[in-house]
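Put chains B and C with the ligands on the given structure of chain A with help from the hints.
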Amino acid sequence: MMLDQVVLLAAVTLLGLLEQAYFSLKVIYARRKYSVSPPAITGPPEFERIFRAQANCSEYFPIFVFSLWLAGVFFSQALAVFFGILYLYGRYLYFHGYAESSQGRLEPLYFSAKMQWVLIALSGLGVICTITQAYLGLDLLLSFTHV
Amino acid sequence: MMLDQVVLLAAVTLLGLLEQAYFSLKVIYARRKYSVSPPAITGPPEFERIFRAQANCSEYFPIFVFSLWLAGVFFSQALAVFFGILYLYGRYLYFHGYAESSQGRLEPLYFSAKMQWVLIALSGLGVICTITQAYLGLDLLLSFTHV
Amino acid sequence: MMLDQVVLLAAVTLLGLLEQAYFSLKVIYARRKYSVSPPAITGPPEFERIFRAQANCSEYFPIFVFSLWLAGVFFSQALAVFFGILYLYGRYLYFHGYAESSQGRLEPLYFSAKMQWVLIALSGLGVICTITQAYLGLDLLLSFTHV
Ligand SMILES: N[C@@H](CCC(=O)N[C@@H](CS)C(=O)NCC(=O)O)C(=O)O
Ligand SMILES: N[C@@H](CCC(=O)N[C@@H](CS)C(=O)NCC(=O)O)C(=O)O
Ligand SMILES: N[C@@H](CCC(=O)N[C@@H](CS)C(=O)NCC(=O)O)C(=O)O
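Protein sequences appear in the order of chains A, B and C.
Residue numbers are given in our numbering: position 70 of the first sequence equals residue 70, and the series is strictly consecutive.
Residue numbers are given in our numbering: position 77 of the second sequence equals residue 77, and the series is strictly consecutive.
Residue numbers are given in our numbering: position 2 of the third sequence equals residue 2, and the series is strictly consecutive.
The shape of chain A in the complex, shown without the other chains (with noise of 0.2 Å):
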């Protein structure tokens, strides 16, 4: 494994990680604007909204990652990162869309889930091929994965 074929990989880790400090200075500005001191989690909706937002991407941001990279390692990197801008692209939609009305987050959602799936169905393909090869010497997808 070279550092070259994963770093595309790191830089949309990195671009996450990034995405995810937005978020959480979103929360405080909002904790600000609306007098919600910590610990409390409760207050106007339109502070619940933004709260739920930024702890919903939390919660999916490890999983994105850990397929992101299985997907990229074990199937395309070129692939695992073309679904993975694309997550991150439907995050930042769904945090806005969830921050201005809870209807307004669905339709990122929907799209960011896809994405997801879209990234583990690699992931599962890449992992089963590596299996194959490795266990039963047989090499399902030739010289398809890892492009």
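Some hints could be false.
Copies of the same chain are indistinguishable here, so a pair counts whether it falls within one copy or spans any two.
Below are the DMTMM-like pairs computed for lysine to aspartate or glutamate, each with C-alpha atoms no more than 25 Å apart in a straight line [unchecked claim]: (1) Lys114 with Glu46; (2) Lys33 with Glu107; (3) Lys114 with Asp4; (4) Lys114 with Glu100; (5) Lys26 with Glu107; (6) Lys114 with Glu59; (7) Lys33 with Glu48; (8) Lys26 with Asp4; (9) Lys114 with Glu19; (10) Lys26 with Glu59; (11) Lys26 with Asp139; (12) Lys26 with Glu48; (13) Lys33 with Asp4; (14) Lys33 with Glu19.
By construction, these hints were calculated from the structure, which means they are not laboratory data.
Structure of chains B and C with the ligands alone, referenced to chain A:
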């Protein structure tokens, strides 16, 4: 590091991703069944137990994955996979036990906590042996590690 | 990539796992002390501060580990380890400061946030240099990276 030295760790991670997705879907169904619309996170105890069961599993999921990989890469892939699968099984029981009653979460919690500690202990052993070997030139466990 | 190029990152990660386990035990003790049985997450302010301190540290733990490894693999293991240990120390102070008073969380929070930003900055530098070298053949920092 060859891919087949970690592909079973990847498979267990993938299993964990699917388990987390399953828990999330359960929360979404519970939100519908008990009419708890986001951003609310309180409602009937039945809902709150399912909500907290998923939240608790999500909180520990990165901790689990990190210890799985440390144990598998620095100590033994086979042992990490073995205890990793038991951990995920324990979390499955935890989720359903908690969904039924607060009491019902305890026994599977103790079980999965034990599996988690084993993974942390294996990580510790592997890391200490690798440091000793790399920095002191001492092979503590001879070829015992990296089984 | 040899194991000894990352074993110190593994050691800091392990330290973080132990710290998170310690925070969790503190919440379990606080649940007993203040009689806050799951699934409840509200109670006396003393309980809520401990609960939120652990929740907040858990939320950022994956972000910390990802940035630790990106910084350590793509930039410098030694620097990542240095700032990583400071981050974990800051989180220890954060937890205990928050447990005592909401105000008490602020100073250590600013400190650990700074360490977190340093890790993200090192990751960014390392990733950009690796991309430049891999795709443009340009060695920006010469042998400065991978110290
Ligand atoms: N923790 C989530 C788990 C399930 C989930 O991701 N739900 C989606 C669709 S209902 C969501 O947008 N939840 C809003 C939220 O977490 O505040 C929840 O409480 O709902
Ligand atoms: N976030 C957890 C941290 C400690 C923990 O894991 N507690 C166990 C044993 S009391 C649990 O099952 N907690 C239930 C929950 O998180 O809802 C909590 O609030 O309790
Ligand atoms: N989940 C966090 C996101 C932002 C954050 O990290 N806030 C800092 C500064 S206000 C904090 O210490 N929050 C306390 C807490 O999470 O309980 C929150 O609700 O505040």
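* Looking back at the numbered hints, which does the structure fail to meet, lowest number first? -> 1, 3, 8, 11 and 13
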